Amino acid sequence: MAIRIFIDEQEVKAEPGESVLMVARRAGFDIPALCYHEAVESIGACRLCLVEVRSGARPGISTSCNMKAEDGLRISTDSPEIRRDRATNLELLLLRAPGSPVLRELAARWGVRPRLQPPPDAGIANCILCELCVRVCAALGHNALAAVGRGEKKRVGPAFGKPAEGCVGCGACLSVCPTRCIVMKDTPAARTIWGQSFEFHRCQVCGQPVITEKHRAFAIAKRGLPEDYYDVCEPCKQSQASQRFASVVW
Amino acid sequence: MCASPASSPRPASVSPAWSGEKAPPLVVGAVERTLVVMPRRCIGCRTCELACSFAHGGPGRMARARIRVHPAGEKRFVQITCLQCENAACAKVCPVQAIARDERTRALVVSLERCVGCGLCEAACPFGHMHFDRETRRAEKCDLCGGNPACAAFCPAKALEYR
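Listed in order, the protein sequences are those of chains A and B. Here the numbering used here is used: position 133 in the first sequence is 133, and no number is missing along the way. Here the numbering used here is used: position 106 in the second sequence is 106, and no number is missing along the way.
Bear in mind the hints are in silico, worked out from the structure with no lab data behind them. Here the structure is a predicted model, which is why all the values come from computation and not from measurement. Be aware that a few hints might be false.
Footprint (simulated), chain A over chain B, 3 or more residues, beta carbon under 8 Å [said to hold, decoys possible]:
hint : region
1    : 105-115
2    : 131-138
3    : 141-152
Note that the Cβ used here is the ideal one computed from N, Cα and C, for glycine as well.
Can you build the whole structure from these sequences, using the hints too?
Put into structure tokens, the structure is as follows:
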């Protein structure tokens with residue numbers, strides 16, 4: 001059953017328990033967030049999606065990504081206090097990852113002065129430890145990534161710093177990383193990521209890489225797919241399909 | 001499949017990715033419409049590819065088009081685009097259920113908010129019509145432009161029709 005929440009005094013429909021950030025974005029409100037992804041649970045790590053709760057027993061500023069929609073909830077998405085707190089949090093993220101382009105772009109937009117100079121070619125140094133890659137990797141069933149170390153030495157990577165057994169080289173961690181700090185290298189021969197090298201499964205027609213061998217084996221085993229499922233690359237499948245359709249049409 | 005009164009108002013929720021003045025009268029929801037592909041009429045001009053790549057926010061890069069024209073012999077062309085399969089391999093293989101059917105257009109649509117960019121669907125589509133954008137690192141496919149496909153609107157040979 002749909003409920004109503006009020007965002008900046010505007011009535012918005014939502015499902016109970018839905019993420020307030022998701023509801024607000026669907027209704028067209030622009031709330032910044034780096035570590036939020038619909039496919040995985042939100043943990044409120046980047047702390048940029050702050051909103052102010054104006055109803056209920058616990059009013060105040062809080063993250064919206066892991067706030068659940070309840071009937072009658074009233075929030076505002078913009079106020080001097082929210083802006084101030086978002087700017088402070090961004091400043092802290094910038095201290096951790098001074099070279100991140102996405103952070104520097106936000107800083108320029110919000111008038112935050114970065115205190116550190118960006119290091120050249122930062123790579124993983126641009127990590128803000130939001131653990132979105134860890135959550136996505138777990139959701140895909142690979143469980144190859146974890147937070148390694150504690151406190152100042154905390155990093156994201158394969159557990160114990162050793163090549164992870166579960167990693168299949170799919171690159172989803174890189175796809176979702178908000179600061180794009182994960183380094184993956186594709187050569188015609190292989191893909192390298194997280195200190196491991198993965199061979200490609202190649203198109204049986206043209207020899208181009210389709211998917212990594214390990215990813216292919218994982219998907220086929222997990223979903224019970226036929227062995228030849230990933231044997232042809234995208235352009236070759238297209239031209240095969242066009243030949244098939246042509247033989248029907250003419 | 002054409003019993004739609006001409007006076008039906010354009011639903012406010014429809015937001016075509018492109019805006020052209022020659023847009024066909026749009027009646028979505030009243031009848032179920034289909035993108036009809038007629039290779040016999042195709043003259044191989046690739047206007048559909050161009051229309052598609054502009055419609056989807058790109059700067060007209062045809063490599064990003066979600067419809068492709070393939071030569072199939074002497075002066076013969078076949079347009080390959082998503083068939084919006086009933087039992088779609090891309091949606092079945094997606095580990096995070098990011099590909100779902102749009103109830104209004106019946107198109108299978110990738111939720112960019114939900115896609116994690118693992119690339120499984122690209123490799124799974126039997127017709128090679130799931131694409132992977134290497135810049136945004138998300139899957140992309142034909143979404144029938146939300147109910148007003150630009151390829152059909154611009155096809156000069158009427159080899160693509162949305163009806």
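I'd like to know which numbered hints this structure contradicts. Please list them from smallest to largest. 3
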